[in-house]
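Chains as they are written, first to last, in numbering that gives the first Met the number 0: chain A, 0 to 285; chain B, 0 to 222.
Worth flagging that the hints you see were computed from the coordinates, not collected in a lab.
For clarity, every value in this text was computed on a predicted model and none was experimentally measured.
Ideal Cβ placement from N, Cα and C applies to all residues, glycine included.
Keep in mind that the hints are not guaranteed to be accurate.
[Stated by the list, open to error] A few chain A residues that don't get close to chain B, going by computed Cβ distances all over 12 Å: (1) Ser31; (2) Lys38; (3) Tyr69; (4) Pro87; (5) Thr97; (6) Tyr125; (7) Pro147; (8) Lys173; (9) Asn180; (10) Gln188; (11) Ile215; (12) Asn235; (13) Ile260; (14) Gly264; (15) Asp269; (16) Lys276.
[As the list claims (entries may be wrong)] Capping the alpha-carbon separation at 16 Å, the derived lysine to aspartate or glutamate pairs in EDC-like fashion look like this: (17) Lys173/A to Asp86/B; (18) Lys55/A to Asp102/A; (19) Lys173/A to Glu172/B; (20) Lys214/B to Asp102/A; (21) Lys185/B to Glu172/B; (22) Lys173/A to Asp148/B; (23) Lys163/B to Asp85/B.
Residues per chain are reported as follows:
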Amino acid sequence: MKQENNKEHKFGMVIDLDKCTGCGSCMVSCMSENNVPFKEDESNKKDSITWMRVYKLTNGKSFPDTETAYLPRPCMHCAGKGGHGHSPCVSVCPATATEYGHDTGIVSQIYTRCFGCRYCMGACPYHARYFNWWDPKWPEGMENYLSPNVSPRMRGVVEKCSFCYHRYQAARDKAYHEGRNDIEENEFQTACTTACPAGAIVFGDLNNPAHKVHQIVKPDPHPDKWNRHVVGKSRNPKVFRLLERLGTNPKIYYLSEREWIRRKGDNYLDGEWDKIKNHHGSSSHG
Amino acid sequence: MSEIENKAENGSMESAGECTAGDTKDDKGLGLGVIFFIVAFVVCFLSGTLLFPKLLYSKKEQPFNFDHALHVSEAGDCETCHSLRDDGTFAGIPKLETCLDCHSEDVLGDSKDEAVFVEKYVSKEKEVPWYIYSRQPDSVFFSHAAHIDGAGMDCVTCHGPIGKSTSLKPYEENRITGYSRDIWGKNIFGIKKHSWDRMKMDDCAECHKKETGFKGYCFQCHK
Chain A
0 MKQENNKEHK
10 FGMVIDLDKC
20 TGCGSCMVSC
30 MSENNVPFKE
40 DESNKKDSIT
50 WMRVYKLTNG
60 KSFPDTETAY
70 LPRPCMHCAG
80 KGGHGHSPCV
90 SVCPATATEY
100 GHDTGIVSQI
110 YTRCFGCRYC
120 MGACPYHARY
130 FNWWDPKWPE
140 GMENYLSPNV
150 SPRMRGVVEK
160 CSFCYHRYQA
170 ARDKAYHEGR
180 NDIEENEFQT
190 ACTTACPAGA
200 IVFGDLNNPA
210 HKVHQIVKPD
220 PHPDKWNRHV
230 VGKSRNPKVF
240 RLLERLGTNP
250 KIYYLSEREW
260 IRRKGDNYLD
270 GEWDKIKNHH
280 GSSSHG
Chain B
0 MSEIENKAEN
10 GSMESAGECT
20 AGDTKDDKGL
30 GLGVIFFIVA
40 FVVCFLSGTL
50 LFPKLLYSKK
60 EQPFNFDHAL
70 HVSEAGDCET
80 CHSLRDDGTF
90 AGIPKLETCL
100 DCHSEDVLGD
110 SKDEAVFVEK
120 YVSKEKEVPW
130 YIYSRQPDSV
140 FFSHAAHIDG
150 AGMDCVTCHG
160 PIGKSTSLKP
170 YEENRITGYS
180 RDIWGKNIFG
190 IKKHSWDRMK
200 MDDCAECHKK
210 ETGFKGYCFQ
220 CHK
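Please put together the full structure from these sequences, using the hints given.
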C-alpha cells in the first residue's frame, strides 16, 4: 500500500513565545475541536481537562523591570531517548493504549483500550495528560455541536492532545481520493495553530525541509555530541525545548529572543546556564 | 503412638474402607454420572449456541425491503449510489436526494416496497431510517478512500456479495453493546469462511499484516 512507502513524517510545532499574547484562543479551539468536556468549576485544576494549556511565566523582577510571557503547552509527542519511540508515557503503559507512531511521530491515545491506571500521567514530565474523573456532561442540545471525527471519552480513561490526528486522517482521505501520494503542508494543521490570532504557532513536518517549522527549528540530523540521548536539537540558538536534557526529545519547540524565557525551559543550577546557554540540553553536567 | 497419630491412622483406615465400599457401588454411579454430564453438556451447548444468540441479539426489520440486485442492474455499480465525496469521505447509505435522481412520486416498478418508499418517505420528504449493518463503534476511523483509491480493493472483499441480494436481512443488534451482529460475525464460534464474515479489529489487522507487512499503528484506524 502507498502510505507505507511514503517517507516518514515527523510532525512538530514551534511556538514563538514573543508573539504569544496569552489570549487562550488555542485552548478554546482545542477544546471545541476535540470534544473536551468542560466542568462546572473550571478553576478546579485537579478536575479540569486542558489538552492545550497556557502557562504564565514571569522573570521574577519587580517594577519597572518585570516581564511576563505566556507558554502554551500541548502534548510534547516525545520521541524518547535517542528518538526511538520510547516516550515516557508509552514505555509505562501496561495496556498498550498509547503508542508512538513511527510514521507520523505522533503519540496516540486509544480511549477504548485505556483502563485508567494513570501510570502515563505519572511518567509524563510535562503534565500533558489528563484523567476523566467523571463522564462528560454537555448542556442540553450541545451534543449536536460535537465533532463526529473525535470520539468522546468516558470516565476512567486518560486523554491528551493528539495533534488533531483526525485532521491528518481527513487530509489523507482527500489525498487518496485525488490520487496523490502525500499531503500538503497546509492540509494538515492543528486547531490551535489555525486559531492563534498572533500566528505564534507554526506546525508542520520536521522531516521536510520545505516546511516552515523545519526552517525555523533547523533540527540537527545528528544526535547531540555531549548527550547522545538528545536528538533533533534545534540549531537555532533562540529555539529550545522543555526539559531538553532529559532526552525525552519533544517535538514542541519554543522560540524566544529573551534569554530569561529560554532559561525557564529547564531547572538550571546556579552558574549552569552560562556554561550551556548556547547548547540547551547538550549535557547534564553531572 | 500419640493420640493424634492414632486418630490419623484410624481416619485413613476409615476413608480407605469407604473407598473400597464405594468402588463396588461405583459401576452404576459412574454410569449415571457420565449420562448426567453428557445431558448437561448437550443442554448447555445447545442453549449456548441456539438460545443465547437469540437472547443477545435483538432483531429489527428494515423500514422496507430493498432489492440490491435490481438496482445494480438498473444503475450500474455500487459507486452510483454509495460514492466518495470530493473531500475523500465516504457518503455511506445514500440520502433521499440521491434516490430522487431516478425515483419520483410516480412508482416505477410494481413492488409494494416501492409504494411504501414513495408513500412514507418521498411524498413526505423524509429520510429513510435504514439500519446500518456495518456501522463501527465510535472509536473507529475507517477510510474508504484509502482502501478503494489507495489499495484498489473491491467492495465485495469486506461487504460480501450484497449487490446480488434481492432482500434485506433483519438487522441484529447486540443488546449489550448496541453494535450490529455483522461486526462480530454471524458464526457464534467466530469461525470465518470469507473475508467479509466479520469486521472486528483483528480482521482488519490480519489483512493489513498480509498486504502491507505491518498491522498498523493504533491511530491509523482509531480516533
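Cross-check of the supplied hints:
1. Ser31: holds (16 Å)
2. Lys38: Check passes; 22 Å lies beyond 12 Å.
3. Tyr69: The assertion about Tyr69/A holds, with a minimum of 29 Å to chain B.
4. Pro87: Since the minimum Cβ distance to chain B is about 18 Å, Pro87/A lies beyond 12 Å and the statement holds.
5. Thr97: violated (8 Å)
6. Tyr125: holds (20 Å)
7. Pro147: violated (9 Å)
8. Lys173: violated (4 Å)
9. Asn180: violated (10 Å)
10. Gln188: Label holds. Min Cβ-Cβ 16 Å, cutoff 12 Å.
11. Ile215: About 26 Å separates Ile215/A from the closest Cβ of chain B, which puts it past 12 Å; holds.
12. Asn235: holds (29 Å)
13. Ile260: Since the minimum Cβ distance to chain B is about 33 Å, Ile260/A lies beyond 12 Å and the statement holds.
14. Gly264: At roughly 28 Å from the nearest Cβ of chain B, Gly264/A sits farther out than 12 Å, so the non-interface label holds.
15. Asp269: The claim stands: Asp269/A keeps its Cβ more than 12 Å from every Cβ of chain B (closest is about 43 Å).
16. Lys276: holds (37 Å)
17. Lys173/A to Asp86/B: With Cα atoms ~5 Å apart, Lys173/A and Asp86/B stay inside 16 Å; holds.
18. Lys55/A to Asp102/A: violated (34 Å)
19. Lys173/A to Glu172/B: Measuring from Cα to Cα gives roughly 32 Å; hence the hint is violated.
20. Lys214/B to Asp102/A: holds (13 Å)
21. Lys185/B to Glu172/B: Measuring from Cα to Cα gives roughly 12 Å; hence the hint holds.
22. Lys173/A to Asp148/B: holds (10 Å)
23. Lys163/B to Asp85/B: This hinted pair is violated, its Cα atoms lying about 28 Å apart.
When each numbered hint is compared with the structure, violations occur for hints 5, 7, 8, 9, 18, 19, 23.
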